[in-house]
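Could you slot chain B onto chain A? The hints should help.
Below are the chains, spelled out letter by letter.
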Amino acid sequence: MVQEGGCPSCGAPVQFTVGTARIKVCEFCQTVVARQGEELYATGKLSALAETATPFSIGLEGRHDGVRFRFVGHLQKDYDDGVWDEWYLAFEDGRFGWLSESEGSLHLMFSRGQHPLERRHFRPGHETRYAGRRVVVEEIRQAQLISAEGELPEDLQREMTIAADATGPGGVFLTFDFGTGEDAPEVFMGRRVELKDLGIPPDALRDAKPKKVRLQGARCTQCNGTLDLKAPDRLKRVACPYCGALLEARGERLAFLNGLPQPDHPLRIPLHSKGRLGDVTWTVIGWMQRSCTVDGIRYPWDEYLLWSPNEGFSFLMDSNGHWTHLLPVPAGEVRVHVESAAYYQGRRYKAFQHVEAITENVRGEFYWRVRAGEKAEATEYIAPPYSINADANAREVTYTHGTYYAPEDIARAFRLKTALPEPTGVAPSQPNPHHAGMVRDLRWIMVYAVAAIFLFVFISANAARQTVYEQEYSLRVPPPPGQTYFSQPFEIPRSGNVQIRFQIRDLQNEWVGVQLDLVDAQGDVRSVYKEMTYYSGHSTDGSWSEGSRTYTTHLSRMQPGTYSLRLVPYYDRLTTTRTLRVTVVSDVPRPLYLVLVLLALGAMAAYTIMRRASFETGRWYESNLVDHG
Amino acid sequence: MIRWIGGALLLGALGLWTTGYEPFARDDKAKVAGLKRGPDGRMIWVGGLHGGK
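Quick note, the sequences are listed as chains A and B, same order. Read in order, the letters of the first sequence are residues 0 to 628 in numbering that gives the first Met the number 0. Read in order, the letters of the second sequence are residues 0 to 52 in numbering that gives the first Met the number 0.
Chain A with its partners taken away, still in its complex shape:
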């Protein structure tokens, strides 16, 4: 029901159109007009609205999830990183929501009332549960009201207020608004939305270009160099690429803060270079040199700040010639087991290192108030070629998802004229170059092993294994002089190897030498000599034995035909007459060769596994979250 009246301060007409609105800001004199029943009274006065990049305005109508809504109120708050706009929306179905704009992101949220939580428990990265969901606190921010317009649900808090932003899986976004209190925050819950999701006709949107766009052609206040800013509407600080002056964007002008040292090496990718990574064209707008110190040794690396009008910001890290592209992800999408593992989109990332990272030097433009000496707790979790990187300070935690790139990919993406340095060492998320080879090799090894077994079984099953000669010989004591035996002719029916088996069942602590010759009708002889020994006994360690009572030997590739055998035994001290059984078998596929093939394949498997493992050892040697013993 519409309530009309006059502004208590200037008398201009004031109209309440939303039942839940308790105050309205006079559009003529910025007086905050509150209502109680039919009575209107002033509660203070606000300064004029700051000009921001918001495309919205009071009275604008849209549609979200099929429900029409109208922009009825507008708050402007000053946070550490600049002015944010928050819009009060009245939905046709009776709901009221808040649309917040921060760093170019839109979040549509609805009040869920107060919740019994204490602010002291809130810190960046802190996990808590709300409405059955796991949520992660991303940022604790202080804010102060600057201005407002339109109708708003409650009187305005002009003091510094504190709120915590949190995210959860599935794009859930929450704000725990503590106001000026320490507990029982009002909780706003919703999710990130895109401008196109709000169903606002494009021609109804304000021209979103802010005054800062005029900074585009800004010059350095110290050296007058052209800065050629690429994202002036998001600019917080810029470090002059010519003289190193660090400047802060204040409205439409730049203010000098301090000078920075010259970089200790040329930038591998010049500022303002454009490159395509994935499906996005990025522009290099900033460069940072960061470092950490472990055991007294400084480890520096470079980070390039990339910007895309549609995708926002990302980072490209160069560490020892290894390149990683880092895209921001909501903290709530990452589940962290501190210094153990992180989980993101169903993948496990193993904790690799935790260091204190210091920003040493910067060049180019930045969307936060960057400064030399800025510190952050940096933790890296890896699942090569990917990584999850967490950067946390007292105010916020940011998670990024990294993808490893080889230098040649980066040089190609940014069309660099000079080759990038060769990488040194092993990068945390560098893909193991031997992993794919190992998988491929092991697959082939498995195929060959199975094929070898199958072939042996098949050939063995189809082999003749024909006993072509079998005879027992008595070895008398004492040996008759010139003891020689000739066999009856026998047939070897097919080409192939020949197995000869000698057996003396009761050989005991004796030896016998056997000379065996096979001759064919053409006088071609194949001769073997085998010495058979078998000794056994008892000692203090128990019984023992050595040698064998059965010996086998093989002759290579005999042609089919008629053969005779000549056997000459040699022995001197047999206890008694022994019986020597000689068996000749044709075509006996030998399992020895299967064993040798499997052993060779096993050695190759061991080699390829070791090669991969060696790379991993080199990688994890650099980890400071692994006990190196």
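Calculated directly from the structure, the hints in this document are not laboratory data. A portion of the hints provided could be inaccurate.
Said to hold, decoys possible - Pairs of lysine-lysine, DSS-like flavour, derived with a Cα cap of 27 Å:
(1) Lys529/A with Lys35/B
(2) Lys374/A with Lys235/A
(3) Lys374/A with Lys28/B
(4) Lys30/B with Lys529/A
(5) Lys416/A with Lys273/A
(6) Lys374/A with Lys349/A
(7) Lys235/A with Lys273/A
Said to hold, decoys possible - FRET-style restraints, in silico, Cβ to Cβ:
(8) Arg2/B with Asn461/A: 21 to 31 Å
(9) Ser494/A with Phe23/B: 13 to 23 Å
(10) Glu355/A with Met0/B: 50 to 60 Å
(11) His434/A with Ala24/B: 41 to 51 Å
(12) Pro590/A with Arg41/B: 33 to 43 Å
Every value quoted in this text rests on a predicted model; they were computed, and no experiment measured them. Think of the CB as a built atom: it goes at the ideal place given N, C-alpha and C, for glycine as much as any other residue.
Quick look at chain B alone, frame taken from chain A:
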């Protein structure tokens, strides 16, 4: 690389199994003269190669 080495190994083993060639056989080869057939059909020879002893 392992694909080729593994294939060569397999072919090698297949060759040994099918031809009967024994790369590790320690037998000696020779030709003997004076080969005679005895009255019972046995082939008898003397001299020439007499095994490894």
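Hints versus structure:
1. Lys529/A with Lys35/B: Cα-Cα ~26 Å, so holds.
2. Lys374/A with Lys235/A: 18 Å, holds
3. Lys374/A with Lys28/B: With Cα atoms ~84 Å apart, Lys374/A and Lys28/B exceed 27 Å; violated.
4. Lys30/B with Lys529/A: 21 Å, holds
5. Lys416/A with Lys273/A: 13 Å, holds
6. Lys374/A with Lys349/A: Within the cut-off at roughly 24 Å; holds.
7. Lys235/A with Lys273/A: The hint holds at about 22 Å.
8. Arg2/B with Asn461/A: 21 to 31 Å: 28 Å, holds
9. Ser494/A with Phe23/B: 13 to 23 Å: Because 19 Å falls inside the window, the suggested range holds.
10. Glu355/A with Met0/B: 50 to 60 Å: Cβ of Glu355/A to Cβ of Met0/B: about 45 Å, so the range 50 to 60 Å is violated.
11. His434/A with Ala24/B: 41 to 51 Å: 43 Å, holds
12. Pro590/A with Arg41/B: 33 to 43 Å: Distance hint for Pro590/A, Arg41/B holds at roughly 35 Å.
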